[in-house]
Each structure stands twice: as structure tokens, then as C-alpha cells.
Amino acid sequence: MTTNFPLVLGLDTFGDATHDETGRPLSHAQTIRNVVEQGVLADQAGADFFGIGEHHTDDLPMPAADVVLGAIAARTTRIRLGSAVTVLGSDDPVRVFQRYSTLNAISGGRAEVILGRGSSTESFPLFGYDLADYEDLFEEKADLFAELLKGGPVTWQGKTRAPLHDQDVVPHTESGPFPAWIGVGGSPHSVIRAARYGYSLMLAIIGGSPARFTPFSQLFHQALERFGQPPRPIGVHSPGHVAATDEQAREEFWPHYLEVLRHYSRIRGFAVPTKDSFAAEVGPHGALYVGSPETVAQKIAANLTALGASRFDLKYGMGGLSHGALMSNIELYGTQVIPRVRELLQ
Amino acid sequence: MTGRALSSLRSPRIAVLGAGHTGPVIARVAVEAGYRVSIAASGDPEKIELIASVLAPGAEPRWAADAVSGADVVVLAIPLHRFAAFDPSLVAGKLVVDTMNYWPPTDGVQDLFEDRRYGSSEIVARRLARSAIVKTLNHIGYHELDDGRRPAGSPERRALGVAADDPAALDVVAGVIERLGYDAVPLGSLHTGRVLEPGGPVFGASMSRTEFEQAVHTPAA
Numbered sequence: 000m001t002t003n004f005p006l007v008l009g010l011d012t013f014g015d016a017t018h019d020e021t022g023r024p025l026s027h028a029q030t031i032r033n034v035v036e037q038g039v040l041a042d043q044a045g046a047d048f049f050g051i052g053e054h055h056t057d058d059l060p061m062p063a064a065d066v067v068l069g070a071i072a073a074r075t076t077r078i079r080l081g082s083a084v085t086v087l088g089s090d091d092p093v094r095v096f097q098r099y100s101t102l103n104a105i106s107g108g109r110a111e112v113i114l115g116r117g118s119s120t121e122s123f124p125l126f127g128y129d130l131a132d133y134e135d136l137f138e139e140k141a142d143l144f145a146e147l148l149k150g151g152p153v154t155w156q157g158k159t160r161a162p163l164h165d166q167d168v169v170p171h172t173e174s175g176p177f178p179a180w181i182g183v184g185g186s187p188h189s190v191i192r193a194a195r196y197g198y199s200l201m202l203a204i205i206g207g208s209p210a211r212f213t214p215f216s217q218l219f220h221q222a223l224e225r226f227g228q229p230p231r232p233i234g235v236h237s238p239g240h241v242a243a244t245d246e247q248a249r250e251e252f253w254p255h256y257l258e259v260l261r262h263y264s265r266i267r268g269f270a271v272p273t274k275d276s277f278a279a280e281v282g283p284h285g286a287l288y289v290g291s292p293e294t295v296a297q298k299i300a301a302n303l304t305a306l307g308a309s310r311f312d313l314k315y316g317m318g319g320l321s322h323g324a325l326m327s328n329i330e331l332y333g334t335q336v337i338p339r340v341r342e343l344l345q
Numbered sequence: 000m001t002g003r004a005l006s007s008l009r010s011p012r013i014a015v016l017g018a019g020h021t022g023p024v025i026a027r028v029a030v031e032a033g034y035r036v037s038i039a040a041s042g043d044p045e046k047i048e049l050i051a052s053v054l055a056p057g058a059e060p061r062w063a064a065d066a067v068s069g070a071d072v073v074v075l076a077i078p079l080h081r082f083a084a085f086d087p088s089l090v091a092g093k094l095v096v097d098t099m100n101y102w103p104p105t106d107g108v109q110d111l112f113e114d115r116r117y118g119s120s121e122i123v124a125r126r127l128a129r130s131a132i133v134k135t136l137n138h139i140g141y142h143e144l145d146d147g148r149r150p151a152g153s154p155e156r157r158a159l160g161v162a163a164d165d166p167a168a169l170d171v172v173a174g175v176i177e178r179l180g181y182d183a184v185p186l187g188s189l190h191t192g193r194v195l196e197p198g199g200p201v202f203g204a205s206m207s208r209t210e211f212e213q214a215v216h217t218p219a220a
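Note that the protein sequences, when read in sequence, are chains A and F. The first sequence begins at 0 in numbering that gives the first Met the number 0 and counts up by one. The second sequence begins at 0 in numbering that gives the first Met the number 0 and counts up by one.
Among the clues, some could well be false.
The list that follows gives simulated cross-link-like pairs (lysine to aspartate or glutamate, EDC-like), each with its CA atoms no further than 20 Å apart [said to hold, decoys possible]:
| # | chain 1 | residue 1 | chain 2 | residue 2 |
| --- | --- | --- | --- | --- |
| 1 | A | Lys274 | F | Asp165 |
| 2 | F | Lys46 | A | Asp142 |
| 3 | A | Lys158 | A | Asp129 |
| 4 | F | Lys46 | A | Asp129 |
| 5 | F | Lys93 | A | Glu224 |
| 6 | F | Lys46 | A | Asp245 |
| 7 | A | Lys149 | A | Asp129 |
| 8 | F | Lys46 | A | Glu134 |
| 9 | A | Lys274 | F | Glu210 |
| 10 | A | Lys158 | A | Asp132 |
| 11 | A | Lys158 | F | Glu143 |
| 12 | A | Lys158 | A | Glu138 |
| 13 | F | Lys46 | A | Asp135 |
| 14 | A | Lys158 | A | Asp142 |
| 15 | F | Lys93 | F | Asp165 |
I should point out that these hints are in silico values taken from the structure, not numbers from a laboratory.
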């Protein structure tokens, strides 16, 4: 599949609580300050986008991504900044628009949002929502957010929040809507919804073969056509870790990956990954981008081509990797992976 | 035995109820295995026509009642939190494959499934009292179902558990699982089938038949 959109190569973080060089967990406050430094380095190293995923847990203390992005915006001039994702279903679309429109102002027009559910659900009980209502909440809120993005007074009515009548929502953007994406895990309805409301499509591929999402790209194109929407870009978000060599990247990443997955397997009841399943995910047909700059660049280029996607966001960091290892990952991604992917795709 | 009954043993017609994460994947692999497949969501088939044509080409989008009435095997692939509103009469007299999971950490708590003496499929079976319930396909990720298929005899072929109280129903579904590209490991009853649930030894794990049999027959420590 081909794409006419410019190639965008970014970085995402969930703000995993980092450890110091001796393996001791750092405070939430220090982790957040580290993420600001990581965002600034991502800009200097040449990444096109820096995204922060909303989370509400002790190991991912990152509920206010827009505040952190504001700090990064004040210290950078080039990199685009956004959420990855904003859990729209448990938020108020008006507030989300206001926060990211404010970020857009601070950053001189560099804000974006990726809306979705993510794979965590803590925000629902935290803010008093029932997960069983998820579909209805997201559908309505995605509709309202698309209206808000157009600018100008909004009239809207639904079941999940108070209606708006000819409501001016501030701050206004300087030059039209900022980019807005919907992050999709495996729901075809979400793909169609993104097309219907005119969002771009971010495929979150966190396990298994990336190529299996190819039909989702086709579905998105056909749905855009059916709804009379102009073509829109497709992106891919996947976890990974870049180090000088394949061996070093795997050795650094594996113990933390195992620990994080072990934690979630206890909560969610799925099998703990094995060395074999890890090797499969790191290999050419898996979802993890763990390796040397050349290995990771080859895999990104191959999967963007297969999926007809024009954007890749590497979700770096994995519970407890040190700030130093993350900074090195960002540096290598910006200075070596990105130029190599551009070379491979030109 | 009628011609239909005979051929339905060899190649049952399959109706997939649900066009979300799981339904279209099951429909696609069933079409590719040579079955006649229809797919339905809660409303007008028009609404899932695009999903079906792209994600499960060859599966016919239908109204749920039409899909069920023309099928020998009905695959229930709806989110479990929608099950409380599911009309049991829709599948009365049918063989129903329950692919659903009760997964409170990701889908929220549901009172109907909070009685931990029973597995989720036992509770489903009590509500669908006029259907024969078979539990399978719940413990493999929908994202693995496509890539995980291997021909019979392949050393990489993965095992899937099949649990039912009705031995004939179990046989029919085990045959389908085998033809999709997996080794079917029969489990005597839905109660035994609790071993396939989240938190159990095979949930989300890729295992050969031998590994699988060992895992499900080893008493929990």
C-alpha cells in the first residue's frame, strides 16, 4: 500500500516510573521531571512528535499529560506534542479541547491529540464512569470533540454531558483545527468511527503480527470514501527499546518487560511471557521494536510499507528502565533510526 | 437422518454473532476453512456490511435471527456485558459456542457473573437453557487466531480447549476447531472448562497438545 502523507517518526511515553542506576524507584515527581527532559531531548535528537499517554497508577503516574507537554513546549521550538492517548471516554471533550488548544497556543501550533481508551481502565472508576457504558461514552464524545475542533460556536446534544447551545469554546486556535487521531486496538467499529468523524487513524499494535492490521487500513480507506471524507493518514504506535546493539537492547528491555507483563498477567489473568514468546515479538513478525538502530529502522520501514501507514510512534520506556537508558534510546532513535527509516522509504 | 443433518456433521453452517474485535476474525478463518458463514450484529446487516466485506470476505452479513435460523453452529462473540440483554429465545435449540470471558479488570464488574462457584460459561448455559453450550476460542487472543493456524501434524500446531456438557455438541465443535487449524483438546464439562478462563493455566498461552493437556490436568498448586 502507498501513502501520500509526509513521513512522521515520533516517540510516545506512558511516563513509566523510572528507576535510578541502582534499580531503586524514583519518586513520581522526579519521574515527571525526567519525562520533561526526555521530551526536550527528543526535540534536539530530531524526533517529529513526542506523545504522552494518560495513566493513573503508581507505576505510571501520568494523569496530566497536557501539563507536562506544556513544560516541554516552553523549552522546544520544533517537535510536535500530543497525547497518546487521551482517555476521552472518562473525560469531558470540552475540557480536553481547552487543554490542548491551550497547549497549541503555548507551543505555537504544535499540539495534537490521540483519543482512545488505551489498555488501562483506571480512569473510569476514578471519575465515576461505568466501563459497560464505554462504547456510548466514546461515540458521543468523539462526535462532540470533532465539532469542537472545527472552531466557532458549537451546538450539541447527547446523553453523556450537558448540551451546548451556540457555545463559544475558548481558547480559539490560530490556524484551524489541530491534528486529531483516534487510537484503535482491535475494534473495527473504532476504525469506522474514526473515518465517520474525520479523525486520522492510529493503530496501537502491542502484540502479535503487525501485518494482520492491513485489513484495518483498507477498512479505514473504504470507510473514509463512504462517508465522503478526504483521505487521512494512518499511524502505528508500538513499544520498543533501542540500544547500541541487538543484544544490549534485549538484555536491557527483557527483565523490565517480564516484570511489567507479570504484574498485568496477575491482574488480568493471561499467561506470563516466556523467552520464546519474547523472541517472537522482537523478531520480524512481532510487535516489539527492540534492537540496534538498524534492526529497529528496518522493522519500522517494513511495517509502515505493509500497512500503508505514514507515521510511526515508538513507545519507549518499560517499568523501571533507568532514565539514562531512556535518554540513550531517545538519542539513538532521533539521530540514527529516524534518518535510516527515511533513507529506506525514499 | 436427513441429508442436511448428515452434511451438517461434516460441514456445519456457522453464524457468528458479533462484529467487534473477535467476530470478524472468527468469521474470516471459518470462511477460509471452507465453512458457509454468516455474521450478524445487534441491528441492520447494512451497518456491518463494510466490516464484513473487508475483514471477513465471504461471510454473509445478515439479521441475527436469519443468521441463526440458517446455521448449525452459532458463535457468540459479543462483549459479555451485553449478554444480560441477549434474548435466549434467539438461539433456542441451537448449538452455541461461547467465546466470551468474564474479565472484571478490563470490562468492569457484572453481578450476573460474580458467583465464583460457577464458570462464566456455566452461567451462560443456565440462561441459554434451551441451547447446547460449548466453551472454546475464549483463551486465544483474537489477534492470534489468524496467524496461529497450522495444518494438522505441524509441530507448531497450537492446542485449544473445547468444553461442553453435551458430548455430541463437543464433537461437532472440536471438528470445527481442528479444521480451523488447531488441535482440539476435549474437556468433559463446562464446569471443567473453567480451566480455560482468565487466570487459568492456558489463558493467553500458546501450547502444543501435550503441553496443553499437562497444563489443564495438573491440579492448581
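Hint check results:
no. : hint                : verdict
1   : Lys274/A x Asp165/F : violated, 39 Å
2   : Lys46/F x Asp142/A  : holds, 18 Å
3   : Lys158/A x Asp129/A : holds, 14 Å
4   : Lys46/F x Asp129/A  : violated, 26 Å
5   : Lys93/F x Glu224/A  : violated, 39 Å
6   : Lys46/F x Asp245/A  : violated, 46 Å
7   : Lys149/A x Asp129/A : violated, 29 Å
8   : Lys46/F x Glu134/A  : holds, 16 Å
9   : Lys274/A x Glu210/F : holds, 16 Å
10  : Lys158/A x Asp132/A : holds, 11 Å
11  : Lys158/A x Glu143/F : violated, 36 Å
12  : Lys158/A x Glu138/A : holds, 11 Å
13  : Lys46/F x Asp135/A  : holds, 16 Å
14  : Lys158/A x Asp142/A : holds, 12 Å
15  : Lys93/F x Asp165/F  : holds, 12 Å
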